[in-house]
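Engineer: Sequence:
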Amino acid sequence: MELARYKKAFLVLAIVFAAAVLAEMIISICVTVVESVIVAVTVLLFCLAQTLYRNAVKAEKENKDLTDNNKR
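The sequence shown lines up with residues 0 to 71 when you count with numbering that gives the first Met the number 0.
Treat the hints as calculated values from the structure; they're not laboratory data. Nothing here was measured: the structure is a model prediction, and the numbers come from that model. One or more hints might be untrue.
Computed beta-carbon distance windows for the label pairs [what the hints assert, rightly or not]:
no., residue 1, residue 2, range
1, L10, T31, 28 to 36 Å
2, S35, A55, 25 to 33 Å
3, V56, V36, 25 to 33 Å
4, A19, T41, 31 to 39 Å
5, V42, R4, 35 to 43 Å
6, E23, L43, 28 to 36 Å
7, A18, A58, 57 to 65 Å
8, Y5, L43, 52 to 60 Å
9, F45, I14, 44 to 52 Å
10, V15, A39, 31 to 39 Å
11, L44, V15, 51 to 59 Å
12, C29, Y5, 30 to 38 Å
13, I26, L2, 34 to 42 Å
14, I14, N54, 56 to 64 Å
Distance condition first, Cα-Cα at most 20 Å in a straight line; then the derived SDA-like pairs of lysine to any residue [unchecked claim]:
no., residue 1, residue 2
15, K6, F16
16, K60, L44
17, K7, A18
18, K7, A19
19, K63, F45
20, K6, A18
21, K63, Y52
22, K57, V40
23, K7, A17
24, K57, F45
25, K57, L47
26, K6, A17
27, K60, A48
28, K60, Q49
29, K63, R53
For each residue, glycine too, the CB sits at the ideal point set by N, CA and C.
Use the sequences and the hints to build the structure in full.
Structural biologist: Have a look at this one:
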C-alpha cells in the first residue's frame, strides 16, 4: 500500500520536473529568437541611419553647388 503511494508521488514529481524542463527549453528558445531579432533590428536601424546621413550630406553638397552656380 505504501509503495503504491510512493509510486504516485514519484510519478507526480516526474511530471512536474518534465514540465519544468519543457518550460525552460521553451523560454530558452524564445530568448534566443528574441535576442537575434533585437540584434538584427539594431543593425538594420544603424544601416538606415548611416544611409540617411550619407544622403543628407550628399544633398547638402549638391545644394551648395547649386547655390554657388546661381551666384556666378
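Engineer: So, for every hint listed, does it hold in this structure?
Structural biologist: For each hint, the structure was consulted:
Take L10 and T31: their Cβ atoms lie about 32 Å apart, and the range 28 to 36 Å holds. Take S35 and A55: their Cβ atoms lie about 30 Å apart, and the range 25 to 33 Å holds. Checked against the hint of 25 to 33 Å, the C-beta distance between V56 and V36 comes to roughly 31 Å, which is consistent with it. Between A19 and T41 the Cβ separation comes to about 33 Å, which falls inside the hinted range of 31 to 39 Å.
The hinted window of 35 to 43 Å between V42 and R4 is violated, with their beta carbons roughly 58 Å apart. Between E23 and L43 the Cβ separation comes to about 30 Å, which falls inside the hinted range of 28 to 36 Å. For A18 and A58, the Cβ-Cβ distance of about 59 Å falls inside the hinted range of 57 to 65 Å, so the restraint holds. A hinted range of 52 to 60 Å for the beta carbons of Y5 and L43 is consistent with their spacing of about 57 Å.
Remark: the range hint 44 to 52 Å for F45 to I14 is upheld by a beta-carbon distance near 47 Å. Against the hinted window of 31 to 39 Å, the Cβ-Cβ separation of V15 and A39 comes to about 36 Å, which satisfies the hint. The given range of 51 to 59 Å is broken by L44 and V15, whose C-beta atoms sit roughly 43 Å from each other. Roughly 36 Å separates the CB atoms of C29 and Y5, a value that falls within the hinted 30 to 38 Å.
For I26 and L2, the hinted distance range of 34 to 42 Å is satisfied, since their beta carbons lie about 36 Å from each other. The hinted range of 56 to 64 Å is satisfied by I14 and N54, whose Cβ atoms lie roughly 59 Å apart. A threshold of 20 Å between alpha carbons decides the hint, and for K6 with F16 the separation of about 15 Å falls inside it, so the pair holds. Between the alpha carbons of K60 and L44 the distance comes to roughly 24 Å, so the proposed pair goes past 20 Å and is violated.
Simply put, K7 and A18 have alpha-carbon atoms about 16 Å apart, close enough for the 20 Å limit, and the pair holds. For a cut-off of 20 Å, the pair hint linking K7 to A19 stands: about 18 Å separates their Cα positions. As the CA atoms of K63 and F45 are separated by approximately 27 Å, the hinted pair breaks the 20 Å bound. In summary, the hint linking K6 to A18 is supported, as the alpha carbons are separated by about 18 Å, within the 20 Å threshold.
Proximity of K63 to Y52 is assessed by CA-CA distance (about 16 Å); at most 20 Å being required, the pair is judged to hold. With a CA separation close to 25 Å, the supplied pair K57 and V40 exceeds the 20 Å bound. Of the supplied pair hints, the one linking K7 and A17 holds, its CA atoms being roughly 15 Å apart against a limit of 20 Å. Of the pairs offered as hints, the one joining K57 and F45 holds, with about 18 Å between alpha carbons and a cut-off of 20 Å not exceeded.
For the hint linking K57 to L47, the alpha-carbon distance of about 15 Å falls within 20 Å, and the restraint holds. Pair hint K6 plus A17 holds up; C-alpha atoms about 16 Å apart against a cutoff of 20 Å. Between the alpha carbons of K60 and A48 the distance comes to roughly 18 Å, so the proposed pair stays at or under 20 Å and holds. Only pairs whose Cα atoms come within 20 Å are accepted, and K60 paired with Q49 is accepted, the gap being roughly 17 Å.
Of the pairs offered as hints, the one joining K63 and R53 holds, with about 15 Å between alpha carbons and a cut-off of 20 Å not exceeded.
In this structure, the earlier hints numbered 5, 11, 16, 19, 22 are contradicted, and the remaining ones agree with it.
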